[in-house]
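**Q** Sequence lines, in order, name chains S and V.
For what it's worth, our numbering labels the leading residue of the first sequence as 1, then goes sequentially.
For what it's worth, our numbering labels the leading residue of the second sequence as 1, then goes sequentially.
Hint data in this document are derived by calculation from the structure and do not stem from the laboratory.
The structure displayed is predicted, hence computed values, not measured ones.
Worth double-checking, as some hints may not be accurate.
[Claimed, not checked] Using 16 angstroms as the maximum straight-line C-alpha spacing, the simulated EDC-like pairs for lysine to aspartate or glutamate come out as follows: (1) LYS170(S) / GLU101(V); (2) LYS387(S) / GLU101(V); (3) LYS192(V) / GLU114(V); (4) LYS297(S) / GLU67(V).
[As the list claims (entries may be wrong)] Just the calculated beta-carbon pair ranges, DEER-fashion: (5) ARG424(S) / PHE52(V): 47 to 55 angstroms; (6) PHE52(V) / GLN791(S): 44 to 52 angstroms; (7) LEU248(S) / GLU67(V): 21 to 29 angstroms; (8) GLN372(S) / ARG113(V): 28 to 36 angstroms; (9) ARG217(S) / PHE52(V): 51 to 59 angstroms; (10) ARG113(V) / ARG424(S): 23 to 31 angstroms.
C-beta: ideal position from N, C-alpha, C; glycine also.
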Amino acid sequence: MSDETRKQAVSRLDSAVPMNETVIHPEAVSEPPPLHDWPAAQLFDESLTPEGALRPHYTKLFDALEQLGSVERNRRWENARRLVQEQGITYNVYGDVRGMERTWELDPVPFLIEAKEWRSLEAGLVQRAELINHILADCYGPQELIRSGGLPPALVFGQPDFLRPCHGIKPKQGKYLIFYAADLARSPDGRWWVTSDRTQIPTGAGYALANRLVTSRILPEAFRDCQVHRLAGFYREMQKTLASLAPLKLDNPRIVLLTPGPYNETYFEQAYLARYLGYQLVEGQDLTVRDDRVYLKTLAGLEMVDVILRRVDDDFCDPLELRNDSILGVPGLIEAARAGHVTIANLPGSSLLQSPAFMAFLPGLARQILGQDLKLPSVATWWCGQKSAENYVCEHLDDLFVKPAFRFKLPGMTADRELSRAERARLVSHIHFQPHQFVAQEWVELSTAPALDAGRLVRRPVSLRVYLVATEHGYAVMPGGLSRVAPRLGVSSVSMQRGGASKDVWVLSEQPVEDLSLLSTSGFNLELRRVGNNLPSRLADNFFWLGRYAERADATTRLLRSALRRFTPERGGGTQLHLAPLLETLEQQGQLSAYSSQSQSQSQAPAMSRQNPEALEAGLLAAIFDPRRNGSLRQLVGHLQRIAMFVRDRTSNDLWRAANQLGDLLANAPQEEILLAADALGILNQALLGLASFNGLARENMTRAQGWRFIDLGMRIERALCLCTFLDCSLRSPEADNPSVLEMVLEVADSTLTYRSRYNLLPNIAAVYDLVLLDDTNPRALFFQINQIAQHFERLPREAAEVTPQQKILRECSSRLRLLDTRELVLRSANWLASDTGHAIVDTARDLPRLSDAIAVSYFAHSEISRTGGGFQP
Amino acid sequence: MKWEIFHRTRYTYATPVRDSFNDVRLQPMPIPEQTVESFLLRVLPSSRLTHFKDFYSNWVHHFEIVEPHGYLLIEATSRVITHPPPPLPDASICSFVQMREAPNIERCFDYLRESRFVELSPEAWKLALDATVGLDDAWQAALALMRFVHGFLKYESASTHVHTHMSEVMRERRGVCQDFAHLLLGLCRSLKIPARYISGYLATETASATHAWIEVFVPGQGWRGLDPTHNCQIGETHVKIANGRDYADVSPISGNYRGTRERKMEVEVRITAVQ
């Protein structure tokens, strides 16, 4: 919603109240809160009794809200929205081009649960987690339940999620299910039902934390009055559990969070949790297996990993034994787990119990395994693999929701509740053909809770996800969770992928609650001291390219700005002479497509577009704004944004924002209004400022650890390379010693002021080239870059004391420049490029890409994975 | 009979590769029908070998070669004595009615379903029904299906590759032993006869090679081997290495590495009868 519509909504709330819409009045303290679409059909409402009275546990929240007054309330809601944006809380939506990194929708009105009710939920959840752990242990172990008839073989073996290679792995302490989450819904009679079990990767615990930080900050009074249980204790249990699961008893085991990468829908949460818990966020390619042990590949060498908190799907974990097309996993990981040298939480294969079909068997299994009745019921479920259930389902299709029992998509299914006669017949025939693939559940009418819609309190269907972790003393439940809100009434399932917001969940305590400090922001700084020597090589690679792209964007902006400043459409092509070095540089870098690369040396043959001012102008504008043109500023900034995303968990939010602002600046530039090239100058000036702040943040807001070092390395190499390319083109110019050409050299090399402060005369070719090439006090000079690179090399880890290939290349460059004396240029009157200075520039431009490659080989070393495969082809 | 089997696979890579992780299924199974006297696995460049039993009780040897290497040599030498039970007669042994219990027998379920290379399509079901008209005995039906597959497909070496799916075999009507086995699996499973894929060796007078066939489950008789390529029940010349749902479960060498896809593979198999 735009700010404008939001303001309108707010003012509407304050002044005129439309018919049939009621809002909270400051006076109406003792009255039930008038909810906008109240009353609705016989649904359970979390805040109101069926008679319309406020439920006691909601009174403190509503009192606090009343006391704020409507203006302050709206200011708080606005704050919530701003905090979400500032924290960079996002959620990726698959298949949505613009939705990559969508801002998280937080409904700032919390969901409240009273103490007594929570205790009974807790007992039911703990029992359920224990039961599921037993079933998993049996399915991946002795399989007594199958033999005894408690579980039909088809239910286990028929599932793609039953991972045969994981059978027989014995996790430490018998913990198959370390993390568990359950989705709960409350039916109209007020009872809670489990609608789904999340046994593989219970997502959302990080979002719950983020929601809590925002909600408790904007409603501090209510948070205090309501006596809300703190979440920090739960995360501390998580840390304790994971540490205790290290295969060897260690004081400080290495725990990593294995992520599928930035394109995953919950990447934000993964990075957030990793920071909060103090674990390193790694991708599959950062890990390697040696002798059945898992190691993290860092710049300093291999470091053993003891525990993996897994966010990569089960079957993608190991391309050797599981899905061999996976590029997210670690070859040999399953064998390492089998050997007991690493703990994976949760064990791959645990998604088996996520199938809704299991719900039909849980009551029986609870009696058989635990000798107890199931305390917390599942939503009524029929698995059609049993004949009686199959018949029941086919006869009651109207009252049931048919789903795939396993994760295959099945024919004949619709998401609609109402089935036509033909649809029903088709579904029945598919069920009869492969009954064990189908499961049916009763529709759940979700309860409703107060939610915010355009500044008004309304009621919306909600579901609740709660989280558990195995501890030494059984399962611990997070006193809170993630409540998801449907966008409108009459919706019976809530999905973040399909839109919908989430809420913080406040579990109320009967006693005052002790403050825990883990919640304070100091917990978020844990990461930085870990950067030290253990930077994964993948990140080093990304930092390096972040530096290169940032500098390339900067250099390109300067070139384009200089070109546009000198560009005068009125003159004919021939008089644009002083533009030539600039245009040639842009052409060599591919940003202007005046002539093809093979004719680079024939600078005397003027290119077509240079004679035609309109074409030239269009070309220059395209080099700025055209996202499809190779090397255009817009494209460079796009690369910058993409790489900034890859290193997001290691950099500040400001850096991320600076990159996005740059992207917006270029993407949102009103194309049709920029008729003249001169108009683009303003945008280029803004872009330069944006890049400067990006560079400043990248350099100054990072510790001088290896991440910073690689950014700087990338910037130096790119700056040297751009400078060489430009100087090469400048010396090609027949008027290389013309003061206006030299002015331009100083301008592009950002050394004009330095020159003026040093020489009180018109630009002289020897002095200018000395300043931009050899002056080691000028941070823009080539020699300065070479010296900086050399210093970085001294500090980077290397295996032996001998000189590395990249150092050799660098020494060649360095000594070449040391021997150079630019005064020779004064003696020439033409053919400048043939001078020693010209040769030095050409040679350095040739060596720099080699240098970059040598760095990549030494520190990044990636190559693609191939499959071995072996034939039996008799 | 007693056999000495030598099986060598050599990969030569166009440029050195590294981080090679491999699972090898080459050790003959110790089962009542055969005694494995010895098994020796050699891998070059040399590396540490570990082994485990997979879900289908096959022996898997695992190794990793991290350092860059230009070739990979895997050499398995086994000594095996075969003593298969006499072939079952083509007579009523297990009716389809008795067979209905099979899905509930432990671990039979996997062998009644579709798998990576085997599908249960209406076409396959129709072929299976036509080939077994008038038979009410599952064992006789299995034999009839074997004869049918033998006649239906044309043996043509190199006409398919290791990843050819049964549906393609059915359409093209040609293939090698692996394809014969996959089609017979599909037909048996279509009639709800549990059937599994077997990889192994076959020694004949003219040639010795790796081979593939199937086993069907016959209540009261256990798993019985049928070789659709040669249209016979398995005998002394069949040496069994591994079993699974289809080729994907028993692939003799599976793994991955970092580096070029360009490589050459040479396989040599020698099987000799010893006294």
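**Q** Using the beta carbons of ARG217(S) and PHE52(V), state whether their distance is inside 51 to 59 angstroms or not.
**A** holds, 52 angstroms
**Q** Quick one: are ARG424(S) and PHE52(V) within 47 to 55 angstroms, going by C-beta?
**A** Holds - the Cβ-Cβ distance for ARG424(S) and PHE52(V), about 49 angstroms, lies within 47 to 55 angstroms.
**Q** Can the suggested window of 23 to 31 angstroms be confirmed for the beta-carbon pair ARG113(V) and ARG424(S)?
**A** holds, 27 angstroms
**Q** For the pair supplied as a hint, LYS387(S) and GLU101(V), confirm whether the alpha-carbon distance does not exceed 16 angstroms.
**A** holds, 15 angstroms
**Q** Are the Cα positions of LYS297(S) and GLU67(V) separated by 16 angstroms at most?
**A** At roughly 15 angstroms apart (the allowed maximum being 16 angstroms), GLU67(V) and LYS297(S) satisfy the hint.
**Q** Range hint 28 to 36 angstroms: satisfied by the CB atoms of GLN372(S) and ARG113(V)?
**A** holds, 34 angstroms
**Q** Holds or violated: the 21 to 29 angstroms window for the beta-carbon distance between LEU248(S) and GLU67(V)?
**A** holds, 26 angstroms
**Q** Determine whether the Cβ-Cβ distance between PHE52(V) and GLN791(S) falls within the hinted range of 44 to 52 angstroms.
**A** holds, 50 angstroms
**Q** Against the 16 angstroms threshold, does the CA-CA distance of LYS170(S) and GLU101(V) hold or violate the hint?
**A** Roughly 32 angstroms separates the two Cα atoms, so the pair is violated.
**Q** For the pair supplied as a hint, LYS192(V) and GLU114(V), is the alpha-carbon distance within the 16 angstroms limit?
**A** Satisfied, since the Cα-Cα distance of roughly 11 angstroms is no more than 16 angstroms.
Going through the hint list in order, the structure does not satisfy hint 1, though it satisfies all others.
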